[in-house]
Structures are given as structure tokens and as C-alpha cells.
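Student: Sequence:
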Amino acid sequence: MIADLFRRSTQMATAIAIKNRAWSPIDYMEFLKAVSQRPAKLHADTIAAIQGPLRNIQDPIIRTLCVDSVEKMGSLNVEALKTSYLKSGDLEAIADLLPPLGKMQISDLESLVLLNAHAELCDAITAGVPANDNLWCQAFNWAVENDYNRAIKLWKLRPPSSKLSQSLAYDFMAQAGRHRDPATVKQVAEAFDLPVTRIAAAAVLNSVSKSSLDVVLAALHELEGLATPHDAEHAGEVLAEHARQVLQLELGPLATDSLLNGLYRRNSSQTVFHVYRLLRNWGFIPTQDTFQILANAAYRMGNSKITSYHIWKEAESFNSLTRKLSETVLFCQLIGPSYRTVLFYLHEMKTQNIYLRSHVQRRLYKKFESIKDGSLVAIFNDIRSLDRYAQFDMDLAIEESKPYDRQAIRNAQVYLEGQRPAEDPLEVLESMLAFDRSATQRS
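Quick note: the sequence shown uses our numbering, first residue 939, plus one each step.
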């Protein structure tokens, strides 16, 4: 009898006998019964010898009874059996040994990883099974790529010591964006001290761009300080479509700049200037992004040497001069028969320690050569001579704006004062937006 063999022999002898004998399910059940009556734990070799009979049992009822009996051997024996199954590649048998969700321990989570049962791993951790940082990260990594709802649940249970890679954090932010969840994007960015990339921010703001105005404004509020108007291009277009309504609300800097950028993208430079002046009269403090949008609008108008000067000076007063803004203002000067107003900005940039990128320098140099003005080329090659151009020559700017000098002056007035006459600036804005819409439809 199998039970007698087990009682009389050592475990090693029993293991050898098991390997050399063809067992029936009844023999196996009898052996397990004898094991349950023996106080000593089974050795790993004995457990390893059991795996063959267990794997060969076809009857599901008997197999289940066997598994239950193995579990009663104690956790040490079950772990040894799992190890033997792993060595033999029998993952299905490991799955049969796993306890119910409520009774799992950390070793069972490791078994789920071996089985590639990541969905079950996520559910187990979410249900409260203790997990170390490594197991949590593996579950979270899978959830970010495959199941956002599980990822959100795991994120809320994130161990304080967990260390996510930047790429995984960015992927999660992008997923949160696609699921219209700007609050989570903000939490991830703040938790890992990461900037919201254009991919993540654009994912959030693009996902809400077809939603109601309230949803768009809420997303912009959540991403305040983490996104730029460039990230919020489509959201800005929504704001521009409802510009009059939006202007009657209390807006943060991101929403305000996004509104101006949305108007700019609608090819509405004068409207951008009008709205900006309206906002300034109401106490809006412009940002670097604000002045960049204004400079872009001035460049698009085409005849903006005077307007770009006023933008530059106002940006300087707010300590908002940047290299990109400087380059945009420089390009505003490359219109008409002469480009000598460029020299003032080159002097100012030298004073402010703002350096041009090499491709911008090449473009300027070619422009100077194209108008065959040798003095400009010489000055460009000798920055010390720029000291003579420390003052902006407004008369020269007007002269270089001909034959459209009146329009150039008018554009500058719109920037400085807004549209006039304007008893109700919002009424003026409504008429301008109506004109913009009709112009867009014609184009």
C-alpha cells in the first residue's frame, strides 16, 4: 500500500518509489491522506515527485480534491510544489494551486506574474493583497498600456516609495488625456516633478475640444501652470468661437492666452489686438506666451514694423523678452524696400544677451544681401557698430512701411488702443468676430 510505503520509508525513498511507479488517482489520494496524518513537512524532492501524477489526473473532480489536499499540506509544501511546476513548465498546474482572491499573499502575486495574469494581478493588488514596489510597478505598467480603469485604481494605491520611469509617467499622462482626465494628468506631473509634455497636454485638451465650453474651461484650469497655449490650440479655438461669452468670465492666464491664440489661429490679428487691449484695461497681466501670440499676429498682418516695436517695448516692461519673441519681431522688419529697423533690435538683443540661432542669422544675412545694401552686411558683421542704433527711429519705420504706412499706423493704434469708437468693447468684438467668421467661410 502506498500509505504503508510512506509510513515505513524515508521521504527520499518514497520519492524514488513514486518516480518508479505508475500511480492511479486512487493511489495518489491515499498518499495524500497519509501525508495529512504525518506531522512532518514534505521535502521539495518529494513534492517534485508528486507533480507527475497530479498533472496526469484527467478527472476534474479528483484533480480538485488533490489540489485541496495539497493546500492542506501547508504553505511551505504548496510553494515547493509551485517551484517544481515552474521548473517543469506546467503553468496551468500553478494556476490551480492559487488560493481565492481574499486569501492571496505576496507569493501568490509573484505566481500571477509568472502566469502573465496581469489583469488578475491588478485586481488582487486593488483588493488589498500586500504588494511590494516591484509587483505594483509591473501591474501598473501593464494597466497603463492595456486598461486605464485598472491603472487609475492602482494609481490611487501607489506606494510612497514607488519609482516610475519618466517614460511610463508620460504614457500615463497621455492615457489620462485621452480619457478626459486633466486632474490625473496634473497629479502625475506634480507627483514626479515632471512637465506636462505637449503629447499629454494636447491629449487632454484635444479630448475636451469637442465638449462643452464649461468642460474646456475646467480642463484649462486644471492644467494652469503645466501647459502652454501651444498645447491648447484646439481648446483655444473653442474659446475663440465663444469669445464674447468667455470674456465675461474670470479667466486664468492659460485660458486667456489660449483665447488669444485661438483668435490668432482664426486669422484675426486685429481681433487679437482688440481683445488684448480689452483685457489689459481690465487688469490682465500678460505673460511671455501673451507677447509671443501678439508678435505672431503682428507678423501675420504683414506691415507691422510700428506695431512690433510697441509689442517689443511692452514685453520689455514686463521682463518678458525671449529669443523666440526677438526673432519674430526681427522677421516683422523684413518687409518693404529696406530693413534698417532690424539694427535697433540687434542692438537691443546684444544689450539683453539674447543670441540668434544660426539659421536665423543666415536668413538675415541673405535678406541683407538680396537688397544689395552693403552697409547692412558690414554692420551685421561688426556688432560694435550697433551702438549707433540704440534708439528706435519711428520716422524710418513709417518711411519703410510705405506705400501702406497709413495702414501700418492704424494697426499700431489698434494694438495700443483697441478698436475705436467703442462705447461697448464687447459689441465691437461681436462685429469683428462676425466679420472673421464670414472671412473664414469665404476662404
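Treat the hints with care, as some may be off.
Said to hold, decoys possible - PhoX-like, lysine-lysine: derived pairs with alpha carbons at most 20 Å apart:
(1) Lys1288 / Lys1262
(2) Lys1288 / Lys1251
(3) Lys1262 / Lys1310
(4) Lys1340 / Lys1305
Everything labelled a hint here was simulated from the structure, so no lab data went into it. Since we're looking at a predicted model, the values are computed, not measured.
Student: For each hint, tell me whether it holds in the structure or not.
Tutor: Right, here's what the structure says about each hint:
1. Between the alpha carbons of Lys1288 and Lys1262 the distance comes to roughly 15 Å, so the proposed pair stays at or under 20 Å and holds.
2. With a C-alpha separation of about 15 Å, the suggested pair Lys1288 and Lys1251 falls inside the 20 Å cut-off, and the hint holds.
3. Of the pairs offered as hints, the one joining Lys1262 and Lys1310 is violated, with about 27 Å between alpha carbons and a cut-off of 20 Å exceeded.
4. With a C-alpha separation of about 19 Å, the suggested pair Lys1340 and Lys1305 falls inside the 20 Å cut-off, and the hint holds.
Of the hints listed earlier, the one the structure fails to meet is number 3.
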